[in-house]
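**Student:** Listed here are the chains, written in short residue letters.
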Amino acid sequence: MNKVLLFAHLKEIAGQSSLEIDAAGQTVQSVRDTLVASLGNLDGVMIAVNEEFATDEIVIQAGDEIALIPPVSGG
Amino acid sequence: MNKVLLFAHLKEIAGQSSLEIDAAGQTVQSVRDTLVASLGNLDGVMIAVNEEFATDEIVIQAGDEIALIPPVSGG
Amino acid sequence: MYDRYSRQILFKQIGAKGQAEIRKKHVLILGVGALGTHTAEMLVRAGVGKITLIDRDYVEMSNLQRQHLFTEEDAQKKWPKAEAAKIRLQKVNHEVEIEAIVGHADATMLESLIANIDLLMDGTDNFEARFLLNDLAQKYHIPYLFGSCVGSFGMVFTIIPGVTPCLQCLLKRLPLQGQTCDTVGIIEPTVQMVTAHQGAEALKILSGNMETIRKSYVSFDLWDNEYVSLKADALKDSGCPSCGLEATYPYLQAETGLKVAVLCGRDTVQIRPTSTKPLPLEPLTKRWRSAGLEVGGNPFLVSVVLEGKRVVFFQDGRALIHGTNHVDQARKIYHSLIG
Amino acid sequence: MYDRYSRQILFKQIGAKGQAEIRKKHVLILGVGALGTHTAEMLVRAGVGKITLIDRDYVEMSNLQRQHLFTEEDAQKKWPKAEAAKIRLQKVNHEVEIEAIVGHADATMLESLIANIDLLMDGTDNFEARFLLNDLAQKYHIPYLFGSCVGSFGMVFTIIPGVTPCLQCLLKRLPLQGQTCDTVGIIEPTVQMVTAHQGAEALKILSGNMETIRKSYVSFDLWDNEYVSLKADALKDSGCPSCGLEATYPYLQAETGLKVAVLCGRDTVQIRPTSTKPLPLEPLTKRWRSAGLEVGGNPFLVSVVLEGKRVVFFQDGRALIHGTNHVDQARKIYHSLIG
Numbered sequence: 001m002n003k004v005l006l007f008a009h010l011k012e013i014a015g016q017s018s019l020e021i022d023a024a025g026q027t028v029q030s031v032r033d034t035l036v037a038s039l040g041n042l043d044g045v046m047i048a049v050n051e052e053f054a055t056d057e058i059v060i061q062a063g064d065e066i067a068l069i070p071p072v073s074g075g
Numbered sequence: 001m002n003k004v005l006l007f008a009h010l011k012e013i014a015g016q017s018s019l020e021i022d023a024a025g026q027t028v029q030s031v032r033d034t035l036v037a038s039l040g041n042l043d044g045v046m047i048a049v050n051e052e053f054a055t056d057e058i059v060i061q062a063g064d065e066i067a068l069i070p071p072v073s074g075g
Numbered sequence: 001m002y003d004r005y006s007r008q009i010l011f012k013q014i015g016a017k018g019q020a021e022i023r024k025k026h027v028l029i030l031g032v033g034a035l036g037t038h039t040a041e042m043l044v045r046a047g048v049g050k051i052t053l054i055d056r057d058y059v060e061m062s063n064l065q066r067q068h069l070f071t072e073e074d075a076q077k078k079w080p081k082a083e084a085a086k087i088r089l090q091k092v093n094h095e096v097e098i099e100a101i102v103g104h105a106d107a108t109m110l111e112s113l114i115a116n117i118d119l120l121m122d123g124t125d126n127f128e129a130r131f132l133l134n135d136l137a138q139k140y141h142i143p144y145l146f147g148s149c150v151g152s153f154g155m156v157f158t159i160i161p162g163v164t165p166c167l168q169c170l171l172k173r174l175p176l177q178g179q180t181c182d183t184v185g186i187i188e189p190t191v192q193m194v195t196a197h198q199g200a201e202a203l204k205i206l207s208g209n210m211e212t213i214r215k216s217y218v219s220f221d222l223w224d225n226e227y228v229s230l231k232a233d234a235l236k237d238s239g240c241p242s243c244g245l246e247a248t249y250p251y252l253q254a255e256t257g258l259k260v261a262v263l264c265g266r267d268t269v270q271i272r273p274t275s276t277k278p279l280p281l282e283p284l285t286k287r288w289r290s291a292g293l294e295v296g297g298n299p300f301l302v303s304v305v306l307e308g309k310r311v312v313f314f315q316d317g318r319a320l321i322h323g324t325n326h327v328d329q330a331r332k333i334y335h336s337l338i339g
Numbered sequence: 001m002y003d004r005y006s007r008q009i010l011f012k013q014i015g016a017k018g019q020a021e022i023r024k025k026h027v028l029i030l031g032v033g034a035l036g037t038h039t040a041e042m043l044v045r046a047g048v049g050k051i052t053l054i055d056r057d058y059v060e061m062s063n064l065q066r067q068h069l070f071t072e073e074d075a076q077k078k079w080p081k082a083e084a085a086k087i088r089l090q091k092v093n094h095e096v097e098i099e100a101i102v103g104h105a106d107a108t109m110l111e112s113l114i115a116n117i118d119l120l121m122d123g124t125d126n127f128e129a130r131f132l133l134n135d136l137a138q139k140y141h142i143p144y145l146f147g148s149c150v151g152s153f154g155m156v157f158t159i160i161p162g163v164t165p166c167l168q169c170l171l172k173r174l175p176l177q178g179q180t181c182d183t184v185g186i187i188e189p190t191v192q193m194v195t196a197h198q199g200a201e202a203l204k205i206l207s208g209n210m211e212t213i214r215k216s217y218v219s220f221d222l223w224d225n226e227y228v229s230l231k232a233d234a235l236k237d238s239g240c241p242s243c244g245l246e247a248t249y250p251y252l253q254a255e256t257g258l259k260v261a262v263l264c265g266r267d268t269v270q271i272r273p274t275s276t277k278p279l280p281l282e283p284l285t286k287r288w289r290s291a292g293l294e295v296g297g298n299p300f301l302v303s304v305v306l307e308g309k310r311v312v313f314f315q316d317g318r319a320l321i322h323g324t325n326h327v328d329q330a331r332k333i334y335h336s337l338i339g
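Chains as they are written, first to last, in my numbering: chain A, 1 to 75; chain B, 1 to 75; chain C, 1 to 339; chain D, 1 to 339.
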């Protein structure tokens with residue numbers, strides 16, 4: 001299983017601050033495509049795996065911690 | 001072995017930001033007494049084990065990460 | 001020990017040598033809102049040589065909750081933010097040279113200012129401006145300190161051309177802005193958390209301590225007690241249009257046409273003519289007054305109410321149409337007033 | 001949407017209800033230096049009901065690098081910090097009631113002020129004052145936001161009586177202060193990093209969001225890019241003299257005798273009489289002038305130079321002897337002037 005940490009508005013959409021999914025063997029792009037169903041548009045949302053930003057083709061291993069970091073525009 | 005993270009002036013005294021020691025089986029108090037030789041006075045320095053402050057009688061396990069947090073008075 | 005920078009010089013990673021370096025440097029801060037007022041105050045207190053402040057907006061009461069440097073009087077007078085900040089900052093430190101520019105920063109303006117700039121600080125509230133800063137940083141090899149926040153959530157990243165990934169590498173495209181200050185608000189500590197990081201990075205860069213630059217991307221939520229530090233190296237893209245081998249700096253390309261934009265979080269539309277010839281504010285004021293309209297203002301701008309909407313015209317020809325998000329309605333009101 | 005607190009009300013964890021709570025609250029900030037000026041400005045901009053500011057010191061040039069609210073003019077006039085802060089803060093927000101107290105805060109003074117205080121904020125620069133605040137928090141069941149910093153290193157902890165460990169549980173005794181502002185300096189972003197955390201915790205407590213209080217002790221180094229968050233529950237001590245079952249609040253016990261203290265980071269000795277009857281500043285000024293001494297001052301204090309040392313007397317009888325760390329030399333100068 002993989003823990004998915006959520007930030008900013010993604011927490012509100014999910015109603016919780018993290019999700020549990022089984023993403024072992026999937027690419028980052030595939031995880032993104034899957035999560036769109038529950039979290040809505042993820043354009044521009046950066047994905048980190050084990051505290052490191054990952055490109056779309058990286059393959060997730062069992063136990064990897066995933067984090068979704070949306071950019072926000074305020075300032 | 002145990003990694004010991006150092007903060008504030010302890011880094012300067014040690015000349016590095018962390019130490020490696022073998023503290024398995026020792027209490028926090030015993031680690032404190034040992035480190036005084038290399039780091040000088042540790043009165044008031046708080047000791048955390050695996051990101052949790054520990055009382056003096058807690059016994060360190062192999063692989064535990066130790067952190068030394070000195071209080072500073074500025075403000 | 002009575003020197004005003006003594007406590008910063010005592011910090012040995014800066015020292016007298018670093019302080020002398022800081023005094024030589026020129027920093028450009030784009031946006032003098034929440035982030036920009038905080039970082040400007042830090043840099044001026046720290047004794048930087050010169051700062052250039054750019055902001056197109058004026059002070060309003062709803063700014064005061066999080067934008068330092070400004071007072072109730074600034075809001076009552078609708079003083080332009082860059083000018084209001086400059087007045088306060090010169091009282092804090094007259095030794096720092098402060099250039100205040102009231103206007104919309106486009107590629108042409110920024111490229112005309114870029115000579116001798118040592119650091120670009122992000123005080124903007126939209127990603128279009130951030131991508132422009134990012135391209136500017138890459139083209140002219142100047143460090144750029146990205147920061148942004150809403151609510152209790154914020155992020156910060158140090159962009160060093162040739163070393164770190166750039167904003168384009170990280171985000172790929174202008175992100176959809178799900179959350180704005182208008183929809184989810186903001187608390188002031190979030191701003192401070194971003195500017196604490198931006199400020200420390202600025203002092204490292206200006207004092208010549210490049211080896212301790214923060215390499216990771218920080219994202220935090222102060223309300224939920226979260227703080228993550230994420231390695232970003234893997235996102236550096238050799239094909240990136242902003243920092244790659246064949247960079248074209250897309251956000252610096254020439255622009256044409258009347259610019260109309262809905263402002264994030266303001267219920268306001270901005271209209272800006274292509275040519276920036278100065279508006280004749282005095283004759284316009286007289287004409288509107290004689291037409292029975294409610295007109296106010298100061299040397300920098302004129303405020304006039306039409307059809308229940310407040311419109312503010314700046315000397316550079318820009319107008320803000322308040323109380324609407326409708327571009328067409330805004331255009332109509334604009335043309336009704338200017339002809 | 002033009003309400004001055006609109007962006008804070010839009011933050012849904014606060015909302016209109018939380019904002020109304022914040023408006024009712026009274027916060028005591030002890031110490032109006034680097035931390036205190038930052039948190040005071042945040043609370044005033046956020047629209048808290050009332051703040052009480054206590055500081056014994058006046059503004060000097062070397063403060064300006066990190067202490068917000070103050071200007072060069074404040075330093076030139078040696079204006080007391082609490083009063084200088086109040087003047088600036090009322091321009092930022094006239095709706096907030098601000099009480100400025102120029103004086104040394106001991107147990108007697110603080111206990112006389114404690115009624116109706118909802119929160120204690122740490123703006124102090126020494127642990128004696130912090131242990132006093134900690135005992136006060138425990139005895140009167142008031143949250144206390146501990147914070148401290150030097151260099152690029154800082155720490156912050158939220159103390160809720162009956163819930164979290166207290167400062168005495170964490171430190172056991174007054175720590176030896178290896179590092180002071182005088183020995184290692186400080187950079188302003190470190191201050192902001194501490195006050196960003198203190199500020200968010202303050203807004204949670206004041207708006208009634210106790211469930212999101214930060215439980216862990218944060219320690220960070222902005223220069224070395226370190227941030228740790230440490231659970232502290234294990235240190236809560238049922239035998240603690242400040243918060244245990246048989247608490248005696250040792251730092252609130254009665255004090256006697258002339259108080260002489262070397263001030264951290266100032267090359268200064270403070271002397272304070274036990275009885276705090278007001279000093280007759282005018283007659284003293286005349287006497288010293290007629291003795292040919294260099295005398296200056298303002299309605300709050302008199303500054304006089306003797307034997308090359310500058311001595312500042314406050315209305316409450318305190319004196320600061322600058323340019324020395326020697327208690328006996330300071331006493332001698334003090335007695336030479338006062339008799």
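To be clear, the hints were calculated from the coordinates, so they are not data collected in a lab.
Using N, Cα and C, we set each Cβ at its ideal position, and we do this for glycine too.
Hints may be right or wrong, so weigh each one.
[Claimed, not checked] Result set (DSS-like, lysine-lysine): computed pairs, CA atoms no more than 30 Å apart in a straight line:
no.: 1; chain 1: C; residue 1: K231; chain 2: C; residue 2: K215
no.: 2; chain 1: A; residue 1: K3; chain 2: C; residue 2: K172
no.: 3; chain 1: D; residue 1: K17; chain 2: A; residue 2: K11
no.: 4; chain 1: C; residue 1: K91; chain 2: D; residue 2: K12
no.: 5; chain 1: D; residue 1: K286; chain 2: D; residue 2: K309
no.: 6; chain 1: B; residue 1: K3; chain 2: D; residue 2: K50
no.: 7; chain 1: C; residue 1: K77; chain 2: D; residue 2: K259
no.: 8; chain 1: D; residue 1: K236; chain 2: C; residue 2: K50
no.: 9; chain 1: C; residue 1: K259; chain 2: C; residue 2: K231
no.: 10; chain 1: D; residue 1: K24; chain 2: D; residue 2: K77
no.: 11; chain 1: C; residue 1: K231; chain 2: A; residue 2: K3
no.: 12; chain 1: D; residue 1: K231; chain 2: D; residue 2: K172
no.: 13; chain 1: C; residue 1: K215; chain 2: D; residue 2: K231
no.: 14; chain 1: C; residue 1: K77; chain 2: D; residue 2: K286
no.: 15; chain 1: C; residue 1: K231; chain 2: D; residue 2: K215
no.: 16; chain 1: C; residue 1: K24; chain 2: C; residue 2: K50
no.: 17; chain 1: D; residue 1: K139; chain 2: D; residue 2: K231
no.: 18; chain 1: C; residue 1: K91; chain 2: C; residue 2: K12
no.: 19; chain 1: D; residue 1: K259; chain 2: D; residue 2: K309
no.: 20; chain 1: D; residue 1: K231; chain 2: D; residue 2: K259
no.: 21; chain 1: D; residue 1: K77; chain 2: D; residue 2: K91
no.: 22; chain 1: C; residue 1: K50; chain 2: C; residue 2: K78
no.: 23; chain 1: D; residue 1: K172; chain 2: C; residue 2: K78
no.: 24; chain 1: D; residue 1: K172; chain 2: A; residue 2: K11
no.: 25; chain 1: A; residue 1: K11; chain 2: D; residue 2: K91
no.: 26; chain 1: D; residue 1: K259; chain 2: D; residue 2: K215
no.: 27; chain 1: B; residue 1: K11; chain 2: C; residue 2: K50
no.: 28; chain 1: D; residue 1: K309; chain 2: C; residue 2: K91
no.: 29; chain 1: D; residue 1: K309; chain 2: D; residue 2: K172
[Unchecked claim] Some chain A residues close to chain C (C-beta under 7 Å, calculated; not the full set):
no.: 30; residue: N2
no.: 31; residue: A24
no.: 32; residue: G25
no.: 33; residue: E52
no.: 34; residue: F53
no.: 35; residue: E57
no.: 36; residue: P71
no.: 37; residue: S73
[As the list claims (entries may be wrong)] Here are the in silico distance ranges between beta carbons for each label pair:
no.: 38; chain 1: A; residue 1: E51; chain 2: C; residue 2: P278; range: 19 to 27 Å
no.: 39; chain 1: D; residue 1: K259; chain 2: A; residue 2: E51; range: 46 to 54 Å
no.: 40; chain 1: D; residue 1: P278; chain 2: C; residue 2: P278; range: 58 to 66 Å
**Student:** The structure should be examined with respect to each hint, and the outcome stated for every one.
**Tutor:** Hint by hint, here is what the structure shows:
As the CA atoms of K231(C) and K215(C) are separated by approximately 7 Å, the hinted pair is consistent with the 30 Å bound. Distance hint between K3(A) and K172(C) is fulfilled; the C-alpha atoms sit about 25 Å from each other, no more than 30 Å. Straight-line distance between C-alpha atoms of K17(D) and K11(A) comes to about 22 Å, which keeps the hinted pair within the 30 Å bound. This hinted pair does not check out: K91(C) and K12(D) have alpha carbons roughly 37 Å apart, beyond 30 Å.
For a cut-off of 30 Å, the pair hint linking K286(D) to K309(D) stands: about 19 Å separates their Cα positions. For the proposed pair K3(B) and K50(D), the alpha carbon gap of about 47 Å is over 30 Å, so the pair is violated. Restraint check: the Cα-Cα separation between K77(C) and K259(D) comes to about 50 Å, which exceeds 30 Å; the hinted pair is violated. Using a Cα cut-off of 30 Å, the hinted pair K236(D) and K50(C) is violated, with the two alpha carbons roughly 50 Å apart.
Distance hint between K259(C) and K231(C) is unfulfilled; the C-alpha atoms sit about 38 Å from each other, more than 30 Å. Pair hint K24(D) plus K77(D) does not hold up; C-alpha atoms about 34 Å apart against a cutoff of 30 Å. Between K231(C) and K3(A) the alpha-carbon distance is near 18 Å, which keeps this suggested pair within the 30 Å criterion. Of the supplied pair hints, the one linking K231(D) and K172(D) holds, its CA atoms being roughly 17 Å apart against a limit of 30 Å.
Distance hint between K215(C) and K231(D) is fulfilled; the C-alpha atoms sit about 27 Å from each other, no more than 30 Å. A distance of roughly 45 Å separates the Cα atoms of K77(C) and K286(D); the hinted pair therefore is violated under the 30 Å criterion. For the given pair, K231(C) sits about 27 Å from K215(D) by alpha-carbon distance, which is consistent with the 30 Å threshold. As the CA atoms of K24(C) and K50(C) are separated by approximately 8 Å, the hinted pair is consistent with the 30 Å bound.
Note on K139(D) and K231(D): the hinted pairing holds, with a Cα-Cα distance of about 24 Å set against a maximum of 30 Å. The straight-line distance between the Cα atoms of K91(C) and K12(C) is roughly 28 Å, inside the 30 Å bound, and the hint therefore holds. As the CA atoms of K259(D) and K309(D) are separated by approximately 20 Å, the hinted pair is consistent with the 30 Å bound. Proposed proximity of K231(D) and K259(D) is contradicted: the alpha carbons are some 38 Å apart, above 30 Å.
Our distance criterion of 30 Å between C-alpha atoms is met by K77(D) and K91(D), whose separation comes to about 19 Å. With a CA separation close to 25 Å, the supplied pair K50(C) and K78(C) stays within the 30 Å bound. Simply put, K172(D) and K78(C) have alpha-carbon atoms about 53 Å apart, too far for the 30 Å limit, and the pair is violated. Restraint check for K172(D) and K11(A): not satisfied, since their Cα atoms lie roughly 40 Å apart, outside the 30 Å limit.
Restraint check for K11(A) and K91(D): the C-alpha separation of about 38 Å exceeds 30 Å, so the hint is violated. Our distance criterion of 30 Å between C-alpha atoms is broken by K259(D) and K215(D), whose separation comes to about 37 Å. A distance of roughly 34 Å separates the Cα atoms of K11(B) and K50(C); the hinted pair therefore is violated under the 30 Å criterion. For the given pair, K309(D) sits about 29 Å from K91(C) by alpha-carbon distance, which is consistent with the 30 Å threshold.
Note on K309(D) and K172(D): the hinted pairing is violated, with a Cα-Cα distance of about 38 Å set against a maximum of 30 Å. The beta carbon of N2(A) is not positioned within 7 Å of any beta carbon in chain C (closest approach about 16 Å), and the interface hint is therefore violated. Because the closest C-beta pair between A24(A) and chain C is about 20 Å apart, greater than 7 Å, the hint is violated. Against a cut-off of 7 Å between C-beta atoms, the interface hint on G25(A) is violated, since the closest Cβ of chain C lies about 19 Å away.
The criterion of a C-beta within 7 Å of any C-beta in chain C is met by E52(A), whose closest approach is roughly 4 Å, and the hint holds. Evaluation of the F53(A) hint against chain C yields a held restraint, the C-beta minimum of about 5 Å falling below 7 Å. With a least beta-carbon distance of about 11 Å to chain C, the hint placing E57(A) at the interface is violated under the 7 Å criterion. At a threshold of 7 Å, the smallest CB-CB gap from P71(A) to chain C is about 5 Å, leaving the interface hint in force.
Look at S73(A): its Cβ gets to within about 4 Å of chain C, closer than 7 Å, so that hint holds up. For the pair E51(A) and P278(C), the supplied restraint of 19 to 27 Å is violated, since their beta-carbon distance comes to about 52 Å. Distance hint check: the CB atoms of K259(D) and E51(A) are about 51 Å apart, consistent with the given range 46 to 54 Å. Hint check: P278(D) to P278(C), Cβ distance near 59 Å, so the stated range 58 to 66 Å holds.
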